[in-house]
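In order, the protein sequences belong to chains A and B.
Numbering-wise (this note's numbering), the first sequence opens with residue 1 and increments by one.
Numbering-wise (this note's numbering), the second sequence opens with residue 1 and increments by one.
Please note that the accuracy of each hint is not assured.
To be verified - DSBU-like cross-link-like pairs, simulated, lysine-lysine; straight-line CA separation at most 35 angstroms:
hint	chain 1	residue 1	chain 2	residue 2
1	A	Lys176	B	Lys174
2	B	Lys176	A	Lys7
3	B	Lys176	A	Lys120
4	A	Lys124	B	Lys174
5	A	Lys179	B	Lys174
Simulated from the structure, these hints should not be mistaken for lab results.
Predicted model only: the values in this text are computed from it and were never measured.
Number of protein chains: 2
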Amino acid sequence: MTNQDTKKQEILSAFNFRHATKIFNPTKKISNVDFTFILETGRLSPSSVGYEPWKFLVVQNKEFREKLREVSWGAQGQLQTASHFVVILARTDARYDSEYVQQLQKRVKNMPEDLLETLKPRYKIFQEEDQRLFESNRALFDWASKQTYIALGNMMTAAAQIGIDSCPIEGFNKDKVNKILESEGLLEDGKLAVSAMVAFGYRAEDPTRPKTRRAMEDVVQWIN
Amino acid sequence: MTNQDTKKQEILSAFNFRHATKIFNPTKKISNVDFTFILETGRLSPSSVGYEPWKFLVVQNKEFREKLREVSWGAQGQLQTASHFVVILARTDARYDSEYVQQLQKRVKNMPEDLLETLKPRYKIFQEEDQRLFESNRALFDWASKQTYIALGNMMTAAAQIGIDSCPIEGFNKDKVNKILESEGLLEDGKLAVSAMVAFGYRAEDPTRPKTRRAMEDVVQWIN
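Hey, can you work out the whole structure from these sequences and the hints?
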């Protein structure tokens, strides 16, 4: 078997290893270096037009986790046992003409002023006409939120590749979670809102049911 | 250096290797076994409540690619040069009481009838109240679309880990792409719609600009 074959097998093993872990071993903590690695795969993830419209809150504080638990039925065991618990925020202002995007393009992407001016009308058409993101605040937010799911997927897969378990969570009341986060001053005055959550740690026990997925021929269609 | 350290370094190298490849080497094709591997990481990706609300169209037909190119400004070079070009569809009917979800839960997840009945009201509350997905058709579709971005991210990262380039694409007119797909009978009578596109292949040349990302301290906040 070649090196490449081994690599592919290892990656697929990680996909099969990963499952939505409900209860983690509360005594087993992820090392700092491993958790930094996981966050790094989120940070380095791609996003549409490079807007990186995300922020990762690592909630380690017990009282804070307890508050979240009251409004998150899908994170009951995870909030109590996860080694690391991340609330993924998405930006509400990921539009071409926002202060956030302007600053990102200038300071992070180092785009010169004239390039910025050339791109602006194109990004406007992209967001307004092609994707129709200005139909509602929700449409724009959901678009930013989609990008965070790339980072979410990457972080879970990267974790699985080094034997760390995870659970993605949407089972919470969005409005109530946002209220909690806002009251703690974590939403940058409404520029951020909750997109999803994800817990990391080491499983307390193996899953009882085998992974199921639709068959390849049901999810893939070739147009030759 | 331990095995784990090597693995982490290799994964981060893949994240740094990956960039939005605009032009692929048109003579270099991805092998069937490698492309099947990439698709497999999409198929095995997690999705909210396990709905797998996606389908992957692999568009290899030249005339078909040309049709898409006319309405996809962001895929001009990719459609002409990519070894494999995927249109990712998301379901428009990913709601708890749809035929699709019922069948998936019975036939794929092998859930017994009584469990299905127990879960139904919970999934209803989840979708209707917690996530407010029934506000509009768009809200429900965007939710399904978010799940496809997990698969999108996983496929690109898996590809990068075996030295294959990719480019995620949102630069197209959604309505026009859907019209083309519908006219070819690819949308299951409106049960599917375009979510994103992604091209795979081998880069024609290295990127001219280095990868930029916001700093770790700007994207991560710890609550200790």
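Going down the list of hints, with the structure as the test:
A hinted pair counts as satisfied when its Cα atoms are at most 35 angstroms apart, and Lys176 (chain A) with Lys174 (chain B) qualifies at roughly 33 angstroms. For the hint pairing Lys176 (chain B) with Lys7 (chain A), the CA-to-CA distance comes to about 39 angstroms; that exceeds 35 angstroms, so the pair is violated. Proposed proximity of Lys176 (chain B) and Lys120 (chain A) is supported: the alpha carbons are some 23 angstroms apart, at most 35 angstroms. About 15 angstroms separates the Cα atoms of Lys124 (chain A) and Lys174 (chain B), which keeps this hinted pair within 35 angstroms; it holds.
Note on Lys179 (chain A) and Lys174 (chain B): the hinted pairing holds, with a Cα-Cα distance of about 34 angstroms set against a maximum of 35 angstroms.
Figure legend: structure checked against the earlier numbered hints; the only hint not met is number 2.
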